[in-house]
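S.K.: Top to bottom, those sequences are chains Z and L. Just so it is clear: in the first sequence, position 93 is 1521 by our numbering, and no numbers are missing. Just so it is clear: in the second sequence, position 188 is 1616 by our numbering, and no numbers are missing.
Please note: incorrect hints may appear among the correct ones.
If several chains are the same, the list does not tell them apart, and a pair holds so long as it fits within one copy or across any two.
Listed below are the simulated SDA-like cross-link pairs for lysine to any residue, each with C-alpha atoms no more than 25 Å apart in a straight line [claimed, not checked]:
hint : residue 1 : residue 2
1    : K1623     : H1647
2    : K1623     : T1529
3    : K1532     : S1457
4    : K1623     : L1472
5    : K1532     : F1692
It should be emphasised that the hints constitute simulated quantities derived from the structure, not laboratory data.
2 protein chains.
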Amino acid sequence: MLLAFVALLTGAGAAPPTMADVLAAAKPSDWRALDPENTLYLELTAGRVVIELAPGIAPRHVANIKTLARQSYFDGLVFMRSQDNYVVQWGDPDGKKTMGTAHKRLPAELTVAAAGQPFTRLEARDAYAHLVGFLAGFPAARDTAHLWLAHCYGMVGAGRDDAADSGNGSELYVVIGHAPRHLDRNVTLVGRVVKGIEILSVLPRGTGALGFYEKPEHHVPIASIKVAADVPEATRTHLEILRTDTATFTALVESRRHRRESWFLHPAGNIELCNVPLPVRARP
Amino acid sequence: MLLAFVALLTGAGAAPPTMADVLAAAKPSDWRALDPENTLYLELTAGRVVIELAPGIAPRHVANIKTLARQSYFDGLVFMRSQDNYVVQWGDPDGKKTMGTAHKRLPAELTVAAAGQPFTRLEARDAYAHLVGFLAGFPAARDTAHLWLAHCYGMVGAGRDDAADSGNGSELYVVIGHAPRHLDRNVTLVGRVVKGIEILSVLPRGTGALGFYEKPEHHVPIASIKVAADVPEATRTHLEILRTDTATFTALVESRRHRRESWFLHPAGNIELCNVPLPVRARP
C-alpha cells in the first residue's frame, strides 16, 4: 500500500506532459534568479527560511522591513503565535525594541494600479475575485482598475491595528493553512516564503486565543533576519524561480489542471489559484 | 503591536453578529452529538485525535475501518508520511499486519446519488464544482445527479493504488494544507478530524519524495485507533458539532462572508467552501 500514495501524486504510467516533464523541458530563460536586495533570510535554530519580497506591490513596507533588518531589529525577536490552519507570526512581544530610522506607521499598500502591470491571467473560477493570476511570480487577483496579492499558502504579510496606516512591517505573519483569502486587500502582503516553509508550518501551535503562545518559554527564537545582499556570497542560498509570464508556466498550469495520469478517475479539468505550484530550484 | 493580530481575527468594536455572537445565540438543538459508533479515537503520544466517520457517504470503507480498528489492526502502526501543505498519512510500512476479516479491496466510494440527500447549498463560486455546500456536517459538492465530499483541511481519506477498487481503509491520510480539491471524486473520503488536528499538522515533514520519512526511526507511532463506542464512557471525548442544516449555521456563514468588524477595510462579501468553519464544542 505504500505505493498508493506515490501513485496519488506522481501518477503511474503517463500520458501528456506531467509537471515533472514540463520542468525538465524548461529553458534557462524560463527561470529568474532571486534579487538579493529583495530577499530575506530568516534564520532559526531549525534552519533558514528564504522570503522573496514584493517591492513592486508594497514598496514602502518592503523598504521599511529592509531598514529594520539592516538595523538588526529582528535579531533576537520571537515567533509568538502559531495558529493551526492559519498563520505563524513573529514580532517583539515586549515592544521594547527601538525601530531606529524605520517608520512606525505606514499607509497600507493593498492594491496597485492594474494598467501596465505584467499580470498573467489564470483561467479559473475564484470565490473571492473575478480575475486571478500571477504578478511577477506572486499569486494575485484583479479587477478592471487594480491588482492585489492573494493570501495563498506561504504568503507573508504585515500585521496592523484597526487604522489602515498602523502597520509598519515590524510584525510579520506567514500563511500556513488553507488560504485566508478574506484577508486580501485588508492587510499588506509583502512577499512569499520560497524555501523553508516547512520549518514554520510545524511550529507547535499556541494554546492561547488565536494561537498565541501562553508562556514566554514557548516562544520560538529568531536568530536573525538579514537582507540576502548583506550576507557574504558564499553563504547565500542561490535560488531560481520559474517565471510566471512564460509558455513553460502556462504548460505547467495545464499539466496540473488536467491530470491525465492513470491514477486519476475524474481529472478535475479545473484548478484554483492557490493550488498552482510556483516552482523554486537551486541555481544550476 | 500584539493587538494587531487579535484585531485581525476578532475585530475591534463590532457591528452585526460575529461568529462568536452567532454561536452564543445557538440553541441546544442546533448541535448534534457525535455518534460513538461512527467516531474514531486515534491515540498518539501527543494526545487524542477525534475523527468523525461518514457512513452515509462511504459505508463500505467505514465498515472496513471499524472492522480493522476492532481487530486492533492500527495499534502500533505509524505515520510514515508528512508532506508540507498536503497530507499526513499512516499505515503499515512493512505490510506485515494481517487484515483478518476485513476486505483487502473495496470499490471506491466517490459519490452518492444526490436525490433525497439533505444537502445544504453554500452560495459561493468554486474552482472545482458548480455547486458546493454541506452534507451532514461535511463539506461537499454536487452536480445534478451526484454528491461527493470535498478535500478540505482536516478531511480523512483512504489511499488506493491505480485500480479504483484497490483501497480498503487500512492506509489513511489527513489533509493538512490548502485544500487539494483535485482529489475530489478520485479517492474515497471517509470522514473528518473534529478535534486534535493540530497534533497531526505539526508532524515533522518527511524529507523523502512526497514527504515520506526516510528512516524508520522518523516514523511517528500510533498507540491505537479505537471506535469510540468501544471505549469506556468515562474516557470518551464528548463532542457536539454544529448542525449544518440550521438557521444558526446559515447565520454563521453570513457572519464570515460579511466581516463587518471595524478592522476590515474591504469585507470580502464572499466565502469559499473550505473556509467555512464547522464548529465543534465539548458537550455542555
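S.K.: Are the CA atoms of K1623 and H1647 at most 25 Å apart within a copy, between copies, both, or neither?
M.R.: both (22 Å within a copy, 24 Å between copies)
S.K.: Within, between, both or neither: how does the pair K1623, T1529 come out at a Cα-Cα threshold of 25 Å?
M.R.: For K1623 and T1529, neither the intra-copy (29 Å) nor the inter-copy (46 Å) Cα distance is at most 25 Å.
S.K.: Give the relationship of K1623 and L1472 under a CA distance limit of 25 Å: within one copy only, between copies only, both, or neither.
M.R.: within (13 Å within a copy, 30 Å between copies)
S.K.: How do K1532 and F1692 come out at 25 Å by Cα distance, when the copy is not named: within, between, both, or neither?
M.R.: For K1532 and F1692, only the inter-copy Cα distance (21 Å) is at most 25 Å; the intra-copy one is 52 Å.
S.K.: Go through the copies and call it for K1532 and S1457: within, between, both or neither, with a Cα cutoff of 25 Å.
M.R.: Classified as neither; 40 Å inside a copy, 49 Å across copies.
Checked against the numbered hints above, the structure violates hints 2, 3; every other hint is satisfied.
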